[in-house]
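Student: Protein sequences appear in the order of chains A and B. FYI, in my numbering the residues of the first sequence are 38 to 145. FYI, in my numbering the residues of the second sequence are 17 to 113.
Worth flagging that the hints you see were computed from the coordinates, not collected in a lab. Even glycine gets a Cβ: it sits at the ideal position worked out from N, Cα and C. Hints are not guaranteed to be accurate.
Now the stretches of chain B that chain A is said to cover, found in silico as 3 or more residues with beta-carbon under 8 Å [said to hold, decoys possible]: (1) 21–34; (2) 42–49; (3) 75–86.
Here are the simulated lysine-lysine pairs, DSS-like style, with alpha carbons at most 27 Å apart [said to hold, decoys possible]: (4) A:K96 <-> A:K133; (5) A:K127 <-> A:K102; (6) A:K127 <-> B:K102; (7) B:K19 <-> A:K90; (8) B:K34 <-> A:K122; (9) B:K90 <-> A:K65; (10) A:K111 <-> B:K34; (11) B:K19 <-> B:K99; (12) A:K65 <-> B:K34; (13) B:K90 <-> A:K111; (14) B:K19 <-> B:K34; (15) A:K102 <-> A:K50; (16) A:K127 <-> A:K111; (17) A:K122 <-> A:K50; (18) A:K50 <-> B:K102; (19) B:K102 <-> A:K111; (20) A:K133 <-> A:K90; (21) A:K80 <-> B:K99; (22) B:K99 <-> A:K127; (23) A:K102 <-> B:K99; (24) A:K111 <-> B:K99; (25) A:K111 <-> A:K80; (26) A:K133 <-> B:K102; (27) B:K34 <-> A:K80; (28) A:K50 <-> A:K127; (29) A:K122 <-> B:K99.
Simulated coverage check for chain A against chain B, where a stretch passes if three residues somewhere in it have a Cβ under 8 Å from a Cβ of chain B [what the hints assert, rightly or not]: (30) 47–58; (31) 71–84; (32) 109–115; (33) 125–134.
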Amino acid sequence: MSANDSGTDTLTKARIVDWVYDRIESTKADTGDYVDELIETIKETVEAGEDVKISGFGKFEVRRKDSRLGRNPKTGETVEIPERKVVRFKVSDVFKDELNGEREFDGF
Amino acid sequence: MTKTELVDEIADRLDVPKHVAREVVDGFFDAMKHALMDERRIELRGFGSFTIRHYDAREARNPRTGEIVEVDPKRSVHFNVGKELKQRADTLNDYDD
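Chain B extracted, bound-state conformation (with noise of 0.2 Å):
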């Protein structure tokens, strides 16, 4: 599913127009990039949590050339999947609760 299939699907499910359901999800991750730019954490219950993570510059060897380069610093986006979500993404087992 992309975010257009996205938008479509929730302007069907609340019967709204679809410009409404759009502004709803590209409000709804640009909330997202706006915080994890400031490095805030999300935390959407039952969903999930968002983080930044760091990494260290590093010297690393190009698999081509045998070359060592250097790797700048970088921080990329850590997710951390809720209870919820967790357990029904999971089809393959049953939980109790």
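Chain A extracted, bound-state conformation (with noise of 0.2 Å):
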């Protein structure tokens, strides 16, 4: 594991809380419930195959792979990856080029 993956300067669910803490007036318990809410809203949209575009931020989407032959990797035996579907985010433009110094960063 790199430094990077468990860093104190990684933003975890629980920091998140205590920035939208600061943006509302409850309690930090409720407000803990809300952002369980919000995830577990995006979650079941996605899982029903519905994106989710969030704009200066990006797009959260479903898409269908066809099946295909793979091989694994530790016994290097083909074999056959079913059909399925996967999560992809697509950053958004507005977002990348506030990345990229094109353009003044812009909160929410």
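Hints are included, so try docking the two chains, each in its own frame, into the full complex.
Tutor: Structure below.
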């Protein structure tokens, strides 16, 4: 595990709750529940196959992948990887420009 | 689903005023944008992780004119889907756990 994986700099759910807590008049416990519900709503929407598009941030979408032949890296055996659905995230053009200094960073 | 629709859905589910739901949604993504701007990793268990990836400057060809152009170095966001979301989104396959 690299130093990056568990560093103190990592933004975790607890830290996001702190951030949201500063913006609303509520208890820490309720704020935690609100953030949990937000995450669950995004998961359910993606699970239903619907895109979630957050302007200024990015888009979560589900893509269908055809079945294909793959190889078990341990045994070298050829196996069929079944048709499946995968989640993809595409960063928004606005956010990409902000990351690259081509547009002034604007939070929400 | 757009951000506005997400706000409406959250307000409905939590039974809170719309302006509160909007602060929850905006605050959530605001925290993430600030972290990524500072090249900090984001880790949301069961959902996924976000990291910044750097891409070197490179030469590319304009497909229309054939002209070689210099592409600036850039950074972008990489998302690695978490185990729970990965399995729930793949409704074509069953997972044991």
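Student: Looking back at the hints listed earlier, which ones does the structure fail to meet?
Tutor: 3, 8, 9, 10, 13, 15, 16, 25, 32
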